[in-house]
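Each chain is listed here by its residues.
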Amino acid sequence: MTTEDIMPKLTKFVGQYVNINEITNDLDLFASGRVNSLFAMQLVLFVEKEFGFKVENEDLDYENFKSIDAILGFIQRKLAPAA
Amino acid sequence: MNFELTAEQQEAKIKFRKFVDKYVAPAAAEYDRHEETPMELINAMAQEGYLGALVGENIDPLTWGFLCEEVGHASGSLVSLLTVHSMVIQALVKWGTDEQRNKWLPYLATGEVIAGFGLTEVKTGSDARNAQTTAVQDGDSYILTGQKKWISFGQVANLFLILAQVEGKATAFLVEREREGFSTEPIKNMLGFRSAMLASLHMNNCRIPASNMVGRIGFGFSHVAGTALDQGRYCIAWGCLGLAQGCVDASLAYSTERKQFGVSLKEHQLIQELVADMITQTQAARMLCYNAAFLREIKDPSVIMETSMAKYFASRNALKVASDAVQIHGANGCSDNYPVERHFRDAKIMEIIEGSNQMQQIIISRYGYQSYITASALTT
Ligand SMILES: Cc1cc2nc3c(=O)[nH]c(=O)nc-3n(C[C@H](O)[C@H](O)[C@H](O)COP(=O)(O)OP(=O)(O)OC[C@H]3O[C@@H](n4cnc5c(N)ncnc54)[C@H](O)[C@@H]3O)c2cc1C
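Going line by line, the protein sequences match chains A and B. For the record, in the first sequence the residue sitting at position 33 is 33 according to the working numbering, with numbers rising by one throughout. For the record, in the second sequence the residue sitting at position 311 is 394 according to the working numbering, with numbers rising by one throughout.
Calculated directly from the structure, the hints in this document are not laboratory data. Backbone N, C-alpha and C define an ideal beta-carbon position, used for all residues, glycine too. It cannot be assumed that every hint is accurate.
[Stated by the list, open to error] Simulated pairs of lysine to aspartate or glutamate, EDC-like, Cα-Cα distance not exceeding 16 Å:
1) Lys-9(A) <-> Asp-383(B)
2) Lys-54(A) <-> Asp-223(B)
3) Lys-232(B) <-> Glu-263(B)
4) Lys-49(A) <-> Glu-380(B)
5) Lys-12(A) <-> Asp-383(B)
[As the list claims (entries may be wrong)] Short derived list, chain A residues pointing at chain B, Cβ under 7 Å:
6) Gly-15
7) Tyr-17
8) Gly-33
9) Gln-42
10) Leu-60
11) Asn-64
[Claimed, not checked] Which stretches of chain B does chain A cover? Using the computed rule of at least three CB atoms under 8 Å from a CB of chain A, they are:
12) 175-188
13) 298-308
14) 442-454
Given these sequences and hints, build the entire structure.
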């Protein structure tokens, strides 16, 4: 799946919780206090349902979730065929 | 959303009601008085497969909801057993390692191991993310120090999911009762949930293997407890629905039998007004619970918010309906000869646990404002 396929879905989802026009794709959503703790679980459910993979114990890395860019990279890595 | 139940769901609901009528309803007042849930009852629930129903996804969300509803119809305290046990199961199913899942889920499923959920402390309740219990790494171990308070079934549980700080980052751990440095102390004389066997948990240099960590450092509150609390809110919403329905049913029966001014209470229009509101509001709570069940089934991200709304509304309704039920019962409703008095006390607890209703209001209103901004952006 390309960035162009993923981005509209991702920004639409994040836009339900954050003013998407006010943020940049690299803004740390958690550190900036833009999202609450429920967002973390909503995000897990979103990527699992929308992109069809499971977020597992070993995926629990802040670098996978902190910004729109980070989430995009995480989705792309999870969808990439195993080397 | 289809409200038509499958044959299996209808059968399950009847089976749950029969179980509750046989094992729970007749003794719930006595358990409340003695502040105890006997092991025979816990074992009976385990034998029916109720404690472990969520292991291996043997039960759909709606049927699980029915179980909590039917148990809540007779005992709020017992709902909390289903709640905390299933919270730990869900957290392990989602975030446990293979080793943790293989080791614990079979025992949690059979009820040979009872789970407790240790988040709240003396100084941190709603602000639980900032719990003060610490976990310090020492080689292949972590050493836990701190206290948890108000832990449901803490007197009997033998496996606890504990939130602790690792270098200031909220992290979840499994702690077995028999670990050295771990002890519990019963808490008595609560307003409600009196048979929920609450305890304080003490961890005094309690050493556990590093492999007992659930999830990763820093993800204990947002993800591990987050998964557990979502499950908890779901159970409590349905339990509140059952509690309210129990009060409606008791009030219908009582107002039919009790006569004042030469006619039964149900002939008085002010009683009819109370009953009409109780029925309607309880049906509204039911719809929110069904909605949460449907979203759970399709694993939609909105389930988190919608479950919060179901818990908020159903617990408020449970307290209002229980209060009106006591009113309809008059002095009898203030005595423990009738279940509505206990329901009234238990309903108040429902507004406080699994995130107090103020916490639910904060997140629901914030979500509302954001939805408004998002909708405005789409139309401008
Ligand atoms: C019967 C029972 C069983 C329980 N079982 C468990 C269990 O198994 N495991 C566990 O970990 N905990 C358990 N608890 C604890 C429960 O989760 C907490 O009581 C709850 O989270 C509230 O925390 P608190 O009591 O410290 O209240 P506080 O957080 O001190 O709040 C006090 C009041 O202030 C309000 N408040 C707090 N912050 C705000 C704010 N920002 N804005 C507006 N209002 C606010 C609250 O809503 C509440 O009304 C149990 C409690 C009870 C009564």
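Could you grab the alpha-carbon distance between Lys-232(B) and Glu-263(B) and see if it respects the 16 Å cut-off?
violated (19 Å)
Quiz item: Do the alpha carbons of Lys-54(A) and Asp-223(B) lie within 16 Å of each other, as the hint requires?
Solution: violated (28 Å)
Under the criterion of a CB-CB separation shorter than 7 Å, is Asn-64(A) in contact with chain B as hinted?
violated (11 Å)
Inset, instruction - Go through the hint on Tyr-17(A) and say holds or violated, using the shortest Cβ distance to chain B against 7 Å. - result: It holds, given that the least Cβ distance between Tyr-17(A) and chain B is near 6 Å, below 7 Å.
Notebook entry, point to check: Does the CB of Gln-42(A) sit less than 7 Å away from some CB of chain B?
Noted result: At about 4 Å, which falls below the 7 Å cut-off, the nearest Cβ of chain B leaves the hint on Gln-42(A) intact, so it holds.
Checklist entry - Do the alpha carbons of Lys-49(A) and Glu-380(B) lie within 16 Å of each other, as the hint requires? => result holds (12 Å)
Against chain B, with CB atoms and a cut of 7 Å, does the hint on Gly-15(A) hold up? Hint holds; Gly-15(A) Cβ to chain B Cβ min 6 Å, cut 7 Å.
Proposed proximity, Asp-383(B) with Lys-9(A) (alpha carbon, max 16 Å) | holds (14 Å)
| said: Quick check: do three or more residues in the stretch 298-308 of chain B have a beta carbon closer than 8 Å to a beta carbon of chain A? | reply: Contact hint for the stretch 298-308 of chain B vs chain A: holds, 7 residues under 8 Å.
Practice problem: Measure nothing beyond the straight line between the CA atoms of Lys-12(A) and Asp-383(B); if it is 16 Å or shorter, mark the hint as holding. | Solution: holds (15 Å)
Just to make sure I understand the rule, a stretch counts as covered if three or more of its residues have a C-beta closer than 8 Å to a C-beta of the chain. Does the stretch 442-454 of chain B meet that for chain A?
Held - the stretch 442-454 of chain B has 5 residues with a Cβ nearer than 8 Å to chain A, which meets the minimum of three.
Would you check whether Gly-33(A) satisfies its interface hint, that is, whether its CB is within less than 7 Å of any CB in chain B?
Gly-33(A) check fails; min Cβ-Cβ to chain B is 12 Å, beyond 7 Å.
When the structure is compared with the earlier hints, violations turn up for hints 2, 3, 8 and 11 and for no others.
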